[in-house]
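Engineer: What follows is the residue order along each chain.
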Amino acid sequence: NAGVTQTPKFQVLKTGQSMTLQCAQDMNHNSMYWYRQDPGMGLRLIYYSASEGTTDKGEVPNGYNVSRLNKREFSLRLESAAPSQTSVYFCAAGGGETQYFGPGTRLLVL
Amino acid sequence: QKEVEQNSGPLSVPEGAIASLNCTYSDRGSQSFFWYRQYSGKSPELIMFIYSNGDKEDGRFTAQLNKASQYVSLLIRDSQPSDSATYLCAVNLVDSSYKLIFGSGTRLLVRP
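Sequences listed follow chains A and B, in order. One gets the numbering used here by counting positions in the first sequence from 1 and adding 1436 to each. One gets the numbering used here by counting positions in the second sequence from 1 and adding 611 to each.
Pulled out of the complex, with its shape left as it was, chain B reads as follows:
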């Protein structure tokens, strides 16, 4: 059974802090990893994707991938109340054509 696991939260951080969101996956052959943000009542929107081990930075967001540990994380620097949302981790199945498996999401709350 292929799985993507996330802590449901809520993860509560003060404004200006670093928020760290974590995700583990079970399929060792997974190649591509995605972070989506979903505001309440809205559709998921893509924040970042990462393919290679290491860090990938985009503005205040950094995605980190460790394939040996089957672990991917998202760091949000200088967190803002507008970052309060559910963050979904998704993994591309290695045996399919662009199908994604999603975790259940971590709810982030940034306190003013």
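Chain A on its own, in the form it takes in the complex:
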């Protein structure tokens, strides 16, 4: 089992470009999450999905959109990237209250 996978691993964007970060899990968990982590800071929740077909905002949703495509997949979209969105993005899947993280996507916006 791969657990939680994320693509791409690393991406460089120019300001104003768009992209979608992909996340998939094979653990059959209902809940999935997107976080960002900036240097010296903890993880901040961007969006989450408690179950297939539902999504909700977290602490820092501005500038992002999400899609829970099915139970396995949860994508994060940046419509118009800004330098402030340079960060490491982690997807997580949860069974109950515990969450398991993917390897992360490092995003650099120039």
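Any given hint could turn out to be false.
[Said to hold, decoys possible] Now the stretches of chain A that chain B is said to cover, found in silico as 3 or more residues with beta-carbon under 8 Å:
(1) 1473-1485
(2) 1534-1546
[What the hints assert, rightly or not] No more than 30 Å apart at the CA atoms, straight line, and that leaves these computed lysine-lysine pairs for DSS-like:
(3) A/Lys1507 with A/Lys1445
(4) B/Lys653 with A/Lys1450
(5) A/Lys1493 with A/Lys1445
(6) A/Lys1507 with A/Lys1493
(7) B/Lys678 with A/Lys1507
(8) B/Lys667 with B/Lys653
(9) A/Lys1493 with B/Lys678
(10) A/Lys1450 with A/Lys1493
(11) B/Lys678 with B/Lys667
(12) A/Lys1493 with B/Lys653
(13) B/Lys653 with A/Lys1445
These are calculated hints, taken from the structure and not from any lab test. This structure is a prediction, so every number in the text was calculated from the model and none was measured. In this text, a Cβ means the ideal position worked out from N, Cα and C, and glycines have one as well.
Given the coordinates of chain A, assemble chain B onto it according to the supplied hints.
Structural biologist: Showing chain B alone in chain A's frame:
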């Protein structure tokens, strides 16, 4: 504002010593508490979770919870250089469905 506070460190301990990592939280209604370990450049991995006041032991790790003081800690006995990492405390929000609020983490350095 719900907050989880941790000392950023680094906390430096010699190999074989006990490392004590601390975390305080502001939401008195928080129910569940988690410790994650994150190696540099890697993703967080769950070490332990605790729900009830008192101690919970798992191998060299002990989580301690004091809800009255809004305080949770992680003790690492017989610290090893491989324990050198950032340790993230996380708290489950009582008013949500399994959302976690993370502290900024404490960097632990175990000296050989």
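Engineer: None of the hints should be skipped; say for each whether it holds.
Structural biologist: Against the structure, the hints:
1. For the region 1473-1485 of chain A, the stated coverage by chain B holds: 7 residues have a C-beta nearer than 8 Å to a C-beta of that chain, and at least 3 were required.
2. With 7 residues having a beta carbon nearer than 8 Å to a beta carbon of chain B, the region 1534-1546 of chain A meets the requirement of three or more and the stated coverage holds.
3. As the CA atoms of A/Lys1507 and A/Lys1445 are separated by approximately 22 Å, the hinted pair is consistent with the 30 Å bound.
4. A C-alpha spacing of about 25 Å is found between B/Lys653 and A/Lys1450, which places the hinted pair at or below 30 Å, so the restraint holds.
5. A threshold of 30 Å between alpha carbons decides the hint, and for A/Lys1493 with A/Lys1445 the separation of about 24 Å falls inside it, so the pair holds.
6. Distance check on the hinted pair: A/Lys1507 and A/Lys1493 sit about 18 Å apart at the alpha-carbon level, within 30 Å; holds.
7. At most 30 Å may separate the alpha-carbon atoms for a hinted pair to count; B/Lys678 and A/Lys1507 exceed this at roughly 35 Å.
8. Between B/Lys667 and B/Lys653, the direct Cα distance comes to roughly 26 Å. Compliance with the 30 Å bound is thereby established for this hinted pair.
9. At most 30 Å may separate the alpha-carbon atoms for a hinted pair to count; A/Lys1493 and B/Lys678 meet this at roughly 28 Å.
10. With a C-alpha separation of about 25 Å, the suggested pairing of A/Lys1450 with A/Lys1493 holds against the 30 Å cut-off.
11. A hinted pair counts as satisfied when its Cα atoms are at most 30 Å apart, and B/Lys678 with B/Lys667 qualifies at roughly 14 Å.
12. A distance of roughly 25 Å separates the Cα atoms of A/Lys1493 and B/Lys653; the hinted pair therefore holds under the 30 Å criterion.
13. Under the criterion of a C-alpha separation no larger than 30 Å, the hint pairing B/Lys653 with A/Lys1445 is consistent with the structure, at around 12 Å.
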